[in-house]
Amino acid sequence: MNGWLQITFYLLALLLLAWPLGLFMARVYQGERVWLVRWLRPLENGFYRLAGVNPEAEMGWRAYAAALLVFNGLGLLVVYLLQRLQGWLPLNPQGFTAVPTPLAFNTAVSFASNTNWQFYGGETTMSYFTQMVGLTVQNFLSAATGMAVLVALIRGLARQRVSAIGNFWVDLTHSVLYILLPLALLLALLLVSQGVVQTFLPPQTAVLLDPIFEGDEHITTQHIAVGPAASQIAIKQLGTNGGGFFNVNSAHPFENPTPLSNFLELLAILLIPAALCATFGEMVGDRRQGVALLAVMLIVFVGFLGTAVWAEQSGNPRLAALGIDQTASASQPGGNMEGKETRFGIANSALWATATTAASNGSVNSMHDSYTPLGGLAPLLLMQLGEVIFGGVGSGLYGLLAFAIVAVFVAGLMVGRTPEYLGKKIETFEMKMATLVILIPPLVVLLLTAVAVSLTAGQSGATNPGPHGFSQILYAFSSMGNNNGSAFAGINGSHPFYAYSGGLAMLLARYWLILPILAIAGSLAAKQKIPTGAGTLPTHTPLFVVWLIVIIIVVGALSFLPALALGPIVEQLSL
Amino acid sequence: MNTTFRWGPVMRPALVLFVLFTLLTGVAYPLLVTAVAQTTFPHQANGSLIEHEGMIIGSELIGQPFSDPAYFWARPSATTPYPYNAAASAGSNLAASNPALAAQVQAHIAALQSADPGNPLPIPVDLVTASGSGLDPHISIAAAQYQANRVAQARGLAVSEINKLIEAHTDGRFLGLLGEPRVNVLKLNLALDDLASR
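Here the protein sequences come in this chain order: A and B.
The first sequence begins at 1 in the numbering used here and counts up by one.
The second sequence begins at 1 in the numbering used here and counts up by one.
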């Protein structure tokens with residue numbers, strides 16, 4: 001009962017904050033002077049001067065894409081080099097040496113593509129310097145890249161008879177300076193107040209109160225890893241990145257120490273993806289369009305959330321058989337507590353698992369690998385739907401807009417009219433591009449999963465017996481093939497096969513979707529808007545909301561039901 | 001439309017902006033957060049460490065392993081090579097269907113029961129399952145109450161006195177709404193030792 005109160009409170013707070021933020025962001029992207037951040041203008045102009053950018057000069061979609069790809073490629077390269085060279089670089093109190101080549105490649109792709117999948121443990125692999133100058137920077141820039149692409153697509157819908165869709169450098173700079181950086185600064189300090197660490201001290205050594213014997217060894221001390229974590233965690237949540245400072249991500253008490261820190265981080269996960277719906281409505285001049293898309297996200301989200309909470313609260317029948325008390329009461333959370341933290345219990349763990357996989361965030365505050373099969377199916381299928389239920393910052397909404405294009409097209413076929421969206425005719429080119437956006441991720445996920453289970457190298461990933469081992473592999477490629485980054489974390493990624501195939505999945509899922517989206521933006525911008533008539537399918541009505549949900553679920557279910565039957569569904573039946 | 005792609009107009013903004021954003025978000029931003037954090041919340045920013053006679057004896061936020069019957073035990077921890085290794089956090093990642101999970105839970109049940117034979121209370125699930133981080137500083141109220149009798153006997157104290165101590169060290173939900181009620185094991189055990197030394 002209290003769980004659902006917490007969840008309702010969370011959703012209300014989210015909507016109350018997201019809407020004004022979305023309107024604020026619309027003004028930022030339209031180049032208006034916004035009161036809170038006006039004083040940063042000189043900095044912005046200084047950046048342009050040094051970089052030789054003319055902020056007034058707009059780009060066609062090809063130039064926009066070229067700038068984006070070069071910039072992202074540069075980021076990828078630098079993160080790779082920083083990992084390889086960290087042994088010679090400062091701020092490395094643990095004395096970590098170079099990250100191995102396959103892992104460094106995987107991690108560089110992972111952070112450049114806003115996936116933030118981690119085949120490594122932060123506190124045992126990456127120096128403070130790598131985390132700050134490599135990973136934190138990519139957290140900002142990959143998020144800003146996603147937002148820029150969305151804004152370009154929105155311009156394509158809002159404009160007519162032009163070829164330009166904006167200036168990538170300007171959209172990037174606006175995203176970082178006026179949106180991500182102020183929010184991250186605020187959130188980081190709030191998190192520190194709760195106990196999230198932010199220090200350059202080396203790991204601390206504590207004397208144990210009750211020393212233990214581990215085999216013959218007498219363990220009397222505890223080495224406590226610390227570091228500049230808060231600054232990275234704030235942006236990892238806001239930018240739907242999700243890469244943790246520590247191995248267990250936001251389950252670690254230094255990343256997420258209290259119920260309040262948990263609430264703030266949860267808000268940050270969905271805040272910008274939800275707000276961008278308002279930004280979209282405002283920029284296309286019809287706020288109802290944004291409301292409709294937000295409603296699609298919320299409805300699907302609540303459905304999956306209910307499943308996850310119910311499944312996890314029901315507990316594990318195999319433990320019930322041992323006489324363990326899994327009943328929720330005033331003195332214990334009950335349910336399936338393996339892999340979950342006491343301070344979060346069931347409701348906050350399941351809410352997080354749903355939010356982090358609805359959004360392509362991928363941070364975790366509990367171990368999804370130890371969820372009940374049905375509880376784990378919720379996050380798995382949410383990723384497989386293509387990360388459009390909130391999704392990544394920018395990428396979630398541009399993915400959903402691709403689904404909207406398909407939805408109006410299918411509806412148009414049924415009644416025999418030319419499909420249009422927001423007054424723009426949807427023709428062969430747009431449909432081809434939207435189809436690419438929708439079909440590439442399932443193709444990547446299923447093909448790579450099939451390859452993995454056919455190879456010894458791939459089979460070495462499964463660390464649990466039976467159908468759950470298959471689920472671990474399916475989850476890994478669903479996560480990387482949709483730029484999420486969460487994991488059934490028991491998976492053994494030490495074989496280079498996973499580093500390289502996963503890296504490939506992340507590259508395809510990110511850039512092979514961005515290119516068709518920008519192509520749609522360019523094509524739509526050139527079209528004339530046609531006035532709405534009696535035959536126009538309105539796209540802000542409850543009917544369209546339901547229709548769009550149906551399209552999303554049907555595409556997702558058709559692609560993945562067979563695979564899901566072999567994994568979580570069989571496992572649930574075997575419990 | 002210009003079809004020949006030229007690198008010049010792309011490379012300079014890409015390189016310069018990358019350097020500038022790295023300095024801004026990778027250097028200035030974390031340094032600023034560190035400076036403000038170390039000024040306003042130095043205790044929290046450095047790991048909420050607990051000191052006793054000039055020695056660090058733990059962190060308020062990081063759990064420790066306990067095996068002495070006179071102390072409250074923490075949740076099982078899946079870190080390697082020993083439990084509650086705060087230099088390498090980890091969950092078990094055992095599937096709900098994995099027989100190894102049931103076997104581990106059974107071993108924890110056996111340990112609890114042999115330390116306190118005849119305890120009539122049901123064993124709460126959090127006391128026999130590994131946390132996500134392997135460093136969970138808390139147990140549920142039920143898990144503390146389950147252990148009250150054992151601790152009282154080992155220390156020669158009344159169970160009511162132990163239960164009072166548990167109550168005093170219970171953190172409620174934030175604003176009565178958020179999170180779960182819980183007991184900080186290390187702080188509770190330090191309070192037990194305080195009681196003994198008085």
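Mixed in with the good hints, there may be bad ones.
Stretch-level coverage of chain B by chain A, calculated; a stretch enters the list once three of its residues show a Cβ under 8 Å from a Cβ in chain A [said to hold, decoys possible]:
id	segment
1	31-42
2	65-71
3	119-131
4	157-164
Covered stretches of chain A (in silico footprint by chain B; criterion: 3 or more residues with CB under 8 Å from a CB of chain B, positions within the stretch not fixed) [unchecked claim]:
id	segment
5	47-60
6	251-258
7	365-377
8	432-438
9	548-556
Ranges of calculated distance between the beta carbons of each label pair, as one might list FRET restraints [to be verified]:
id	chain 1	residue 1	chain 2	residue 2	range
10	A	T97	B	E53	44 to 52 Å
11	B	G8	A	P100	47 to 55 Å
12	B	M11	A	P100	38 to 46 Å
13	B	A191	A	T221	42 to 50 Å
14	A	P100	B	E51	33 to 41 Å
15	B	L31	A	T101	26 to 34 Å
16	A	L504	B	G8	44 to 52 Å
17	B	M11	A	W4	36 to 44 Å
18	A	W512	B	L121	54 to 62 Å
19	B	L31	A	R27	24 to 32 Å
20	B	Q153	A	T8	41 to 49 Å
21	B	L121	A	R27	19 to 27 Å
22	A	L201	B	P122	14 to 22 Å
Hints are computed from structural coordinates only; laboratory data are not their basis.
Source: prediction; values computed, not measured.
Glycine residues also receive a C-beta, built at the ideal position from the N, C-alpha and C atoms.
Here is what the structure says about each hint:
no.	hint	in the structure
1	31-42	holds (count 8)
2	65-71	holds (count 5)
3	119-131	holds (count 9)
4	157-164	violated (count 0)
5	47-60	holds (count 6)
6	251-258	holds (count 6)
7	365-377	holds (count 8)
8	432-438	violated (count 0)
9	548-556	violated (count 0)
10	T97/A / E53/B: 44 to 52 Å	violated (37 Å)
11	G8/B / P100/A: 47 to 55 Å	violated (36 Å)
12	M11/B / P100/A: 38 to 46 Å	violated (30 Å)
13	A191/B / T221/A: 42 to 50 Å	violated (22 Å)
14	P100/A / E51/B: 33 to 41 Å	holds (39 Å)
15	L31/B / T101/A: 26 to 34 Å	holds (31 Å)
16	L504/A / G8/B: 44 to 52 Å	violated (31 Å)
17	M11/B / W4/A: 36 to 44 Å	violated (54 Å)
18	W512/A / L121/B: 54 to 62 Å	holds (57 Å)
19	L31/B / R27/A: 24 to 32 Å	holds (30 Å)
20	Q153/B / T8/A: 41 to 49 Å	holds (44 Å)
21	L121/B / R27/A: 19 to 27 Å	violated (59 Å)
22	L201/A / P122/B: 14 to 22 Å	violated (43 Å)
Violated hints, in rising order: 4, 8, 9, 10, 11, 12, 13, 16, 17, 21 and 22; the structure is consistent with all others.
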